[in-house]
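Starting from the known structure of chain A, arrange chain B on it as the hints suggest.
Below, each chain spelled out in residue letters.
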Amino acid sequence: MMNKKKTILSALAAGLTLSTVLAACGGDDNEGASNGEGGGEAGDFKVAMVTDTGGVDDKSFNQSAWEGLTKFGEDNNLTENEGFKYLQSSKQADYQPNLQQLARDNFNLIYGIGFLMAEDIQTVAEQFPDNNFAIVDMVVDAPNVASITFKEQEGSFLVGVIAGLSTESNKVGFIGGVESDLIKKFENGFKAGVMAVNPDATIDVKYAEDFNSAEKGTAIASGMYGAGSDIIYHAAGGTGVGVFTEAKNRKKNGEQVWVIGVDRDQYEEGLPEDVTLTSMVKRVDTATYEVSKQTMDGNFPGGEIIEFGLKDDGVGIAETSDNHVSDEILAKVDEYRQQLIDGELTAPATDAEFEEFMKSVK
Amino acid sequence: MSFLEVLYIVVPVALAYATPLIIAALGGIFSERSGVVNIALEGIMVIGAATGIITTLTLTNMGLGGLSPWIALLVAMVVGALFSLFLAVPAILWRADQTVLGVAINMLAVGLAIFVVRVLYNKGQTDFIQYRIAKENVPILSDIPVLRMFFINVQYTSFIAIALAFVVWFVIFKTPFGLRLRSVGEHPMAADTMGINVTKMRFMGVMLSGAFGGLAGAVYAVTVTTNFSGTTIVGQGFLAIAAMIFGKWNPLGALGAGLFFGFAQALSIIGSNLPVINNVPQVLLLIAPYALTILALAGVVGRADAPKSVGIPYIKGKR
Chain A
1 MMNKKKTILS
11 ALAAGLTLST
21 VLAACGGDDN
31 EGASNGEGGG
41 EAGDFKVAMV
51 TDTGGVDDKS
61 FNQSAWEGLT
71 KFGEDNNLTE
81 NEGFKYLQSS
91 KQADYQPNLQ
101 QLARDNFNLI
111 YGIGFLMAED
121 IQTVAEQFPD
131 NNFAIVDMVV
141 DAPNVASITF
151 KEQEGSFLVG
161 VIAGLSTESN
171 KVGFIGGVES
181 DLIKKFENGF
191 KAGVMAVNPD
201 ATIDVKYAED
211 FNSAEKGTAI
221 ASGMYGAGSD
231 IIYHAAGGTG
241 VGVFTEAKNR
251 KKNGEQVWVI
261 GVDRDQYEEG
271 LPEDVTLTSM
281 VKRVDTATYE
291 VSKQTMDGNF
301 PGGEIIEFGL
311 KDDGVGIAET
321 SDNHVSDEIL
331 AKVDEYRQQL
341 IDGELTAPAT
351 DAEFEEFMKS
361 VK
Chain B
1 MSFLEVLYIV
11 VPVALAYATP
21 LIIAALGGIF
31 SERSGVVNIA
41 LEGIMVIGAA
51 TGIITTLTLT
61 NMGLGGLSPW
71 IALLVAMVVG
81 ALFSLFLAVP
91 AILWRADQTV
101 LGVAINMLAV
111 GLAIFVVRVL
121 YNKGQTDFIQ
131 YRIAKENVPI
141 LSDIPVLRMF
151 FINVQYTSFI
161 AIALAFVVWF
171 VIFKTPFGLR
181 LRSVGEHPMA
191 ADTMGINVTK
201 MRFMGVMLSG
211 AFGGLAGAVY
221 AVTVTTNFSG
231 TTIVGQGFLA
241 IAAMIFGKWN
251 PLGALGAGLF
261 FGFAQALSII
271 GSNLPVINNV
281 PQVLLLIAPY
291 ALTILALAGV
301 VGRADAPKSV
311 GIPYIKGKR
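Which chain is which? The protein sequence lines are A and B, in order. The C-terminal residue of the first sequence carries number 362 in my numbering, and the numbering is unbroken. The C-terminal residue of the second sequence carries number 319 in my numbering, and the numbering is unbroken.
Pulled out of the complex, with its shape left as it was, chain A reads as follows (with noise of 0.2 Å):
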């Protein structure tokens, strides 16, 4: 216990130091962004990441940060690792102090990718004041951080459409990995769609409680088409793989299924049998390029939460969808999509909404 408070007490007085020199560091900034116009204006801009223990190249959220944070880089002539650099953490253990040491190296603005790393950041924000953080997938309560968020429910009622004017057997099904308020936005989302273009079509949902087991993947994606389901939307991450496992034997075997992908597209996953029908997609990419150029011009959105939804790029299907979904369906999604951004459809994210919207419906 005496070496913890030690240890905290130690990176809290490094942490005051700290702060003054900071404090001079991001005024400058604050000017020179006000006086250039546009994003050339780079001077000492620097931004990092943390990555969660997926790491960098987990085909996921993580890599999708990163291709941001180098897009943005590369936009305005950062090196990496001076400009912008990230660190991986292999272990739950190593958000903290990741964090802690890109913040003494005067990062500009840090990221924290993945809703696991909430309570470090909102830790290391408030030991460092007066750097910026901003945190992916959850909302932190505090001045320096800044909490992207996503519209999942829009981007989950597009591949509903989809799904529910694809199945043959009327039958669809999703499969969630932890219920929480996080997923049940992709499952009202999802289901909202479906009932949309397909009111009369039956939608089975689970819930695996779990992220990691491509066992329990399988073995709920194996009841739900053998129970009559043709089309299977997972929100599971590892859990998912298994889903498309299920689904490429059946295939395989002569049976017509498809799953939907989520996050990003996951055609790859659905080969050699091709079962990936579309996916679900989440520009994490955007999120941090967008917040990078907003903190770069001296508008860092702290204490906020910015939500990406379609309107700006941040959630939408995959570009392969065109590959199985005709091109009528296609058209619909067009449809939908152009009504939620103009607000005249609300996707709803909480089973209450959901509610809602079905009486809108009838």
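Honestly, the hints are just simulated from the structure, not real lab data. Among the hints, erroneous ones may be present.
Unchecked claim - Only pairs whose alpha carbons sit at most 27 Å apart, straight line, appear in this in silico DSS-like list of lysine-lysine:
1. B/Lys123 x A/Lys85
2. B/Lys308 x A/Lys91
3. B/Lys123 x A/Lys71
For chain B alone, kept in the frame of chain A given last:
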């Protein structure tokens, strides 16, 4: 849905779920029957899974096609057996604490596997394999009414696992080798005085355990996940240890325990489609496998008696 239709879904799911568990539990039995605690089963499965995927990817590149995952299973057995030397050498020769050692090996395994994947592919997880061991309908047998539930949507590895359980039972209880293995686990000094080489027997027990653990990990990887990452094996090894204890260190018991876990799991997943069970809250169904396990361990199967000398290093001449 009729009762039979339900069985056609539940039985294949249960078999698929049970397969790696049964194989790994059989591995645990070899090691513990010889007197060495094998908490490292989890880590050995990690290595087996990594080996299985890497070998499949490599062999596919060499043009072996659908044969590659099967060869990969054999390679994973060999690598698993070699990797188990990390447990065997310190535990048997240097008399290290077997439980602590096992925990350390589990940590080592994940780090080592990810490291190798990074060196080979320059990224944190492998690609997906092109050829996996797929679920199939067994020709002819899958046309028999009712009984077809065992032969539809099934992987051949499931049959291998069940067959192995009987083979291991025969080896442990009906052969001289099995008798010696059990004797060094129960009373190594008595075995030693009868001229049995305790060190050698225990090495064989642990390495067989490694081979089975490696096979189990590889089976899991080439049938379920079809790629390898740091989270491919999370907890299956420990569940296998539970199945081994549940089955009272008997191969046929482990087979039963593995199938029991499989059915409990399948029921929790399919349950909401069944007439009576769909009124039960989902959370109860989800904890059902674990609750049933605790109940079963507490009373139904009676006392679980471990081999007498399991976990105790043998020191020659010491009473």
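The hints, checked one at a time:
1. B/Lys123 x A/Lys85: Holds, because 17 Å separates the two Cα atoms, which is no more than 27 Å.
2. B/Lys308 x A/Lys91: This hinted pair is violated, its Cα atoms lying about 38 Å apart.
3. B/Lys123 x A/Lys71: 20 Å, holds
Checked against the numbered hints listed earlier, the structure breaks hint 2 alone; every other hint is satisfied.
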